[in-house]
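S.K.: The residues making up each chain are set out below.
There are 2 protein chains.
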Amino acid sequence: MAEITRVALDAMGGDNAPGEIVKGAVDAVSREKNVQIFLVGKEDAIQAELVKYEYDKERIEVVHAAEVIEMAEPPVNAIRKKKDSSIVVGMKLVKTGKADAFVSAGSTGAVLVGGQVIVGRIKGVDRAPLAPLIPTAKGFSLLIDCGANVDARPAHLVQFAKMGTVYMEHIMNVKNPKVGIVNIGAEEEKGNALVKETFPLLRKAEDINFAGSVEARDIPYGKVDVIVCEAFAGNIILKLFEGTGAVLISKIKEGLMSTLRSKIGALLIKPALKETVKSFDSSEYGGAPLLGLNGLVVKTHGSSKSKEICNTILQCVTFKNQRISEKIKDCIQAEQKSAE
Amino acid sequence: MAEITRVALDAMGGDNAPGEIVKGAVDAVSREKNVQIFLVGKEDAIQAELVKYEYDKERIEVVHAAEVIEMAEPPVNAIRKKKDSSIVVGMKLVKTGKADAFVSAGSTGAVLVGGQVIVGRIKGVDRAPLAPLIPTAKGFSLLIDCGANVDARPAHLVQFAKMGTVYMEHIMNVKNPKVGIVNIGAEEEKGNALVKETFPLLRKAEDINFAGSVEARDIPYGKVDVIVCEAFAGNIILKLFEGTGAVLISKIKEGLMSTLRSKIGALLIKPALKETVKSFDSSEYGGAPLLGLNGLVVKTHGSSKSKEICNTILQCVTFKNQRISEKIKDCIQAEQKSAE
Numbered sequence: 216m217a218e219i220t221r222v223a224l225d226a227m228g229g230d231n232a233p234g235e236i237v238k239g240a241v242d243a244v245s246r247e248k249n250v251q252i253f254l255v256g257k258e259d260a261i262q263a264e265l266v267k268y269e270y271d272k273e274r275i276e277v278v279h280a281a282e283v284i285e286m287a288e289p290p291v292n293a294i295r296k297k298k299d300s301s302i303v304v305g306m307k308l309v310k311t312g313k314a315d316a317f318v319s320a321g322s323t324g325a326v327l328v329g330g331q332v333i334v335g336r337i338k339g340v341d342r343a344p345l346a347p348l349i350p351t352a353k354g355f356s357l358l359i360d361c362g363a364n365v366d367a368r369p370a371h372l373v374q375f376a377k378m379g380t381v382y383m384e385h386i387m388n389v390k391n392p393k394v395g396i397v398n399i400g401a402e403e404e405k406g407n408a409l410v411k412e413t414f415p416l417l418r419k420a421e422d423i424n425f426a427g428s429v430e431a432r433d434i435p436y437g438k439v440d441v442i443v444c445e446a447f448a449g450n451i452i453l454k455l456f457e458g459t460g461a462v463l464i465s466k467i468k469e470g471l472m473s474t475l476r477s478k479i480g481a482l483l484i485k486p487a488l489k490e491t492v493k494s495f496d497s498s499e500y501g502g503a504p505l506l507g508l509n510g511l512v513v514k515t516h517g518s519s520k521s522k523e524i525c526n527t528i529l530q531c532v533t534f535k536n537q538r539i540s541e542k543i544k545d546c547i548q549a550e551q552k553s554a555e
Numbered sequence: 216m217a218e219i220t221r222v223a224l225d226a227m228g229g230d231n232a233p234g235e236i237v238k239g240a241v242d243a244v245s246r247e248k249n250v251q252i253f254l255v256g257k258e259d260a261i262q263a264e265l266v267k268y269e270y271d272k273e274r275i276e277v278v279h280a281a282e283v284i285e286m287a288e289p290p291v292n293a294i295r296k297k298k299d300s301s302i303v304v305g306m307k308l309v310k311t312g313k314a315d316a317f318v319s320a321g322s323t324g325a326v327l328v329g330g331q332v333i334v335g336r337i338k339g340v341d342r343a344p345l346a347p348l349i350p351t352a353k354g355f356s357l358l359i360d361c362g363a364n365v366d367a368r369p370a371h372l373v374q375f376a377k378m379g380t381v382y383m384e385h386i387m388n389v390k391n392p393k394v395g396i397v398n399i400g401a402e403e404e405k406g407n408a409l410v411k412e413t414f415p416l417l418r419k420a421e422d423i424n425f426a427g428s429v430e431a432r433d434i435p436y437g438k439v440d441v442i443v444c445e446a447f448a449g450n451i452i453l454k455l456f457e458g459t460g461a462v463l464i465s466k467i468k469e470g471l472m473s474t475l476r477s478k479i480g481a482l483l484i485k486p487a488l489k490e491t492v493k494s495f496d497s498s499e500y501g502g503a504p505l506l507g508l509n510g511l512v513v514k515t516h517g518s519s520k521s522k523e524i525c526n527t528i529l530q531c532v533t534f535k536n537q538r539i540s541e542k543i544k545d546c547i548q549a550e551q552k553s554a555e
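Protein chains in written order, with this note's numbering: chain D, 216 to 555; chain V, 216 to 555.
Calculated from the structure, these hints are not laboratory results. Heads up, the beta-carbon is just placed ideally off N, CA and C, and yes, glycines get one too. It cannot be assumed that every hint is accurate.
Simulated restraints, written as ranges between beta carbons of each label pair [said to hold, decoys possible]:
no., chain 1, residue 1, chain 2, residue 2, range
1, V, 291, D, 468, 43 to 51 angstroms
2, V, 522, D, 486, 35 to 43 angstroms
3, D, 485, V, 281, 56 to 64 angstroms
4, D, 268, V, 489, 45 to 53 angstroms
5, V, 468, D, 234, 33 to 41 angstroms
6, D, 258, V, 411, 40 to 48 angstroms
With a straight-line Cα cutoff of 25 angstroms, these simulated PhoX-like cross-link-like pairs (lysine-lysine) come out [claimed, not checked]:
no., chain 1, residue 1, chain 2, residue 2
7, D, 466, V, 393
8, D, 522, D, 353
9, D, 493, V, 454
10, V, 267, V, 522
11, V, 478, D, 489
12, V, 485, D, 493
13, D, 485, V, 489
14, D, 466, V, 468
15, V, 478, D, 466
16, V, 353, D, 468
17, D, 468, V, 485
18, D, 468, V, 493
19, D, 438, V, 466
20, V, 313, V, 296
21, D, 438, D, 454
22, V, 478, D, 485
23, D, 478, V, 353
24, V, 257, V, 307
25, V, 267, V, 238
26, V, 493, D, 489
27, D, 466, D, 485
28, V, 307, V, 297
29, V, 307, V, 338
30, D, 411, V, 454
31, D, 419, D, 338
32, D, 485, V, 468
33, V, 438, D, 466
34, D, 466, V, 489
35, V, 296, V, 257
36, D, 272, D, 248
37, D, 393, V, 454
38, D, 468, V, 489
Put together the whole structure using the sequences plus the hints.
M.R.: Here you go:
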């Protein structure tokens, strides 16, 4: 029998909490039998949602936490002061080994800070990168790092490349994933100081399939599977990608409503267009993992609905079954042995 | 009578040279009477195109240059060695005052290097930024800097903000343009070391309307008119913007061809969709100026057709008539006086 994956779920995080979060948990236990969920947050509010559903009561447990960290709060302060918040209480379940993973749609900053200071990094991992999947023309690519560590150093980027490779290979089933470093040209001599220093380190790194530079223009085409960059660039890529897609689609919709002829056409293309837009919908893949920690921490979109929450819980199951943390540990520690 | 603007045009640069470049020149002299064009490049090849058209022969002159700088050549070397290339000969026309502006669809690197070493910077300008217009939901924004200077310093970004303001105000007629610095969050304490140091300098800078941070997500919505960033980030923004748009549109077209129903719908929406796609077509606005030089240098897309070349030549006329170089000089020198 497979092991049980225990997921601590922040019931209070995100725009649609607790309703959609609780629904996502209920959906997950009905779809996957080897999962146990701790719904962390205000007990009354969570129970008021849970009573709406039929579910296996053995597998969803409410863990009360009286406080909520708001989106706008400075994260370091919030993690330090709100000891009884759903994020701090949920992360402590991972820290103490009661849960394998923590999932939140709440404050990104608080999740990043809490991951590092409460859950803690795997020995040898210098920085824990946030690594969302982004949809591309070919499928999806992992963008690593994308929010946790601005002004990273070359050695950090090499670890990102290794951790991203493990994730894509074992969670997303991409064989020998291609790794590219974000750059402003294809040639090795191009780039800023960070990229120029990192390039030769990636070329000689073991355990990765380094494909050289990737220009931003090629990212949406899915030229590489693991897109390595420091967090400032990664954040720009992620946010611009989302913003450009949203504006373009809304402009197209506006265009379709501009004439009677185009309105009729719009009715006819609606089903096909819906499929296309869906292929660019990252909620299909679950949330963004914070890699390199002693346990899994996943940040989902603030606007997450039950589908993204449910998919993220299933992603936690794969993460545990594939022993990703152990694989990351092995690969980082091998790097350090070979450096000794 | 208005002054004549003299434009040196690289007839050999870009994917469609010399055919589309020559056609663009012919279109420009027929649309604007106060312009004189030097077509720089291989005389035979240029004449073979010119004979196809009727045009005012007084206003288009061929300046022979025997060499061509290829896209893949290392730019510094190319500028130094190919003294008789169309880029070097064209830029020298600006340097010696025979032309007001130089326009090329050729190697971006060579144009950037040549601009700095041949045309030269205005006294007081530390770096010459490349500043393309990017289409947004509201119209367009100026992205500055986007290719010339990786690892810029805070004082450079302040100059970019000022030069961008002059350009948007006097070339694009945006009153009191809003300036934003690219950042990973809206709050002042967010950002990498460069942004944190630059933020207070922008807040106290005179002659600009500083609106604080702009997140990448808000760029396509046109939240600010002048988007300030260092070139590595700017290059990512420009290229990702282009790449995402292209992939999304091709995916949508593919979706439209997927069923008979959607194919019929596609025929009906085609005119409306074409208008929408056109509003995202940056060739409407001409090329990207390299600002802060002793004369105007403009880089157009490598794939430029005659329309973009013609629009860029007209943009050079506005640049001269509005005395943009003088305005930039005044504004940078005022900054330095107030610092003394």
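S.K.: Each hint should be assessed against the structure and marked as holding or not.
M.R.: Verification of the hints:
One distance hint, 43 to 51 angstroms for the beta-carbon pair residue 291 (chain V) and residue 468 (chain D), holds here, with the actual separation near 47 angstroms. Between residue 522 (chain V) and residue 486 (chain D) the beta carbon distance is about 36 angstroms. The supplied range of 35 to 43 angstroms therefore holds. In this structure, residue 485 (chain D) and residue 281 (chain V) meet the distance hint of 56 to 64 angstroms, their C-beta atoms being roughly 58 angstroms apart. Checking the proposed 45 to 53 angstroms range against residue 268 (chain D) and residue 489 (chain V) shows it holds: the Cβ atoms sit about 48 angstroms from each other.
At roughly 38 angstroms, the beta-carbon separation of residue 468 (chain V) and residue 234 (chain D) lies within the given 33 to 41 angstroms, and the hint holds. Between residue 258 (chain D) and residue 411 (chain V) the Cβ separation comes to about 41 angstroms, which falls inside the hinted range of 40 to 48 angstroms. A threshold of 25 angstroms between alpha carbons decides the hint, and for residue 466 (chain D) with residue 393 (chain V) the separation of about 23 angstroms falls inside it, so the pair holds. Pair hint residue 522 (chain D) plus residue 353 (chain D) holds up; C-alpha atoms about 23 angstroms apart against a cutoff of 25 angstroms.
A threshold of 25 angstroms between alpha carbons decides the hint, and for residue 493 (chain D) with residue 454 (chain V) the separation of about 24 angstroms falls inside it, so the pair holds. Between residue 267 (chain V) and residue 522 (chain V) the CA atoms are separated by roughly 17 angstroms; this keeps the pair inside 25 angstroms, and the hint holds. For the hint pairing residue 478 (chain V) with residue 489 (chain D), the CA-to-CA distance comes to about 15 angstroms; that is within 25 angstroms, so the pair holds. Taking the CA atoms of residue 485 (chain V) and residue 493 (chain D), the gap is about 22 angstroms. The hint holds against a cut of 25 angstroms.
Between residue 485 (chain D) and residue 489 (chain V), the direct Cα distance comes to roughly 18 angstroms. Compliance with the 25 angstroms bound is thereby established for this hinted pair. Between residue 466 (chain D) and residue 468 (chain V), the direct Cα distance comes to roughly 15 angstroms. Compliance with the 25 angstroms bound is thereby established for this hinted pair. Simply put, residue 478 (chain V) and residue 466 (chain D) have alpha-carbon atoms about 21 angstroms apart, close enough for the 25 angstroms limit, and the pair holds. The hinted pair formed by residue 353 (chain V) and residue 468 (chain D) meets the criterion: a straight-line CA distance of about 16 angstroms does not exceed 25 angstroms.
Among the hinted pairs, residue 468 (chain D) with residue 485 (chain V) is consistent with the structure: their alpha-carbon atoms are about 13 angstroms apart, no more than 25 angstroms. Of the pairs offered as hints, the one joining residue 468 (chain D) and residue 493 (chain V) holds, with about 15 angstroms between alpha carbons and a cut-off of 25 angstroms not exceeded. Of the supplied pair hints, the one linking residue 438 (chain D) and residue 466 (chain V) holds, its CA atoms being roughly 16 angstroms apart against a limit of 25 angstroms. A C-alpha spacing of about 23 angstroms is found between residue 313 (chain V) and residue 296 (chain V), which places the hinted pair at or below 25 angstroms, so the restraint holds.
Between residue 438 (chain D) and residue 454 (chain D) the alpha-carbon distance is near 19 angstroms, which keeps this suggested pair within the 25 angstroms criterion. At roughly 11 angstroms between alpha-carbon atoms, residue 478 (chain V) and residue 485 (chain D) fall within 25 angstroms of each other, so this suggested pair holds. The straight-line distance between the Cα atoms of residue 478 (chain D) and residue 353 (chain V) is roughly 23 angstroms, inside the 25 angstroms bound, and the hint therefore holds. Taken as a hint, the residue 257 (chain V) and residue 307 (chain V) pair is honoured in the structure, with Cα atoms around 16 angstroms apart against an allowance of 25 angstroms.
For the suggested pair residue 267 (chain V) and residue 238 (chain V), the alpha carbons sit about 9 angstroms apart, so the restraint of at most 25 angstroms is met. For the hint linking residue 493 (chain V) to residue 489 (chain D), the alpha-carbon distance of about 23 angstroms falls within 25 angstroms, and the restraint holds. Between the alpha carbons of residue 466 (chain D) and residue 485 (chain D) the distance comes to roughly 15 angstroms, so the proposed pair stays at or under 25 angstroms and holds. Only pairs whose Cα atoms come within 25 angstroms are accepted, and residue 307 (chain V) paired with residue 297 (chain V) is accepted, the gap being roughly 13 angstroms.
Proposed proximity of residue 307 (chain V) and residue 338 (chain V) is supported: the alpha carbons are some 18 angstroms apart, at most 25 angstroms. Taking the CA atoms of residue 411 (chain D) and residue 454 (chain V), the gap is about 20 angstroms. The hint holds against a cut of 25 angstroms. For a cut-off of 25 angstroms, the pair hint linking residue 419 (chain D) to residue 338 (chain D) stands: about 23 angstroms separates their Cα positions. Restraint check for residue 485 (chain D) and residue 468 (chain V): satisfied, since their Cα atoms lie roughly 13 angstroms apart, inside the 25 angstroms limit.
The hinted pair formed by residue 438 (chain V) and residue 466 (chain D) meets the criterion: a straight-line CA distance of about 16 angstroms does not exceed 25 angstroms. For the hint linking residue 466 (chain D) to residue 489 (chain V), the alpha-carbon distance of about 11 angstroms falls within 25 angstroms, and the restraint holds. Our distance criterion of 25 angstroms between C-alpha atoms is met by residue 296 (chain V) and residue 257 (chain V), whose separation comes to about 18 angstroms. With a C-alpha separation of about 13 angstroms, the suggested pairing of residue 272 (chain D) with residue 248 (chain D) holds against the 25 angstroms cut-off.
For the proposed pair residue 393 (chain D) and residue 454 (chain V), the alpha carbon gap of about 21 angstroms is at most 25 angstroms, so the pair holds. A C-alpha spacing of about 13 angstroms is found between residue 468 (chain D) and residue 489 (chain V), which places the hinted pair at or below 25 angstroms, so the restraint holds.
Against the hints set out earlier in the document, no violation occurs for any number.
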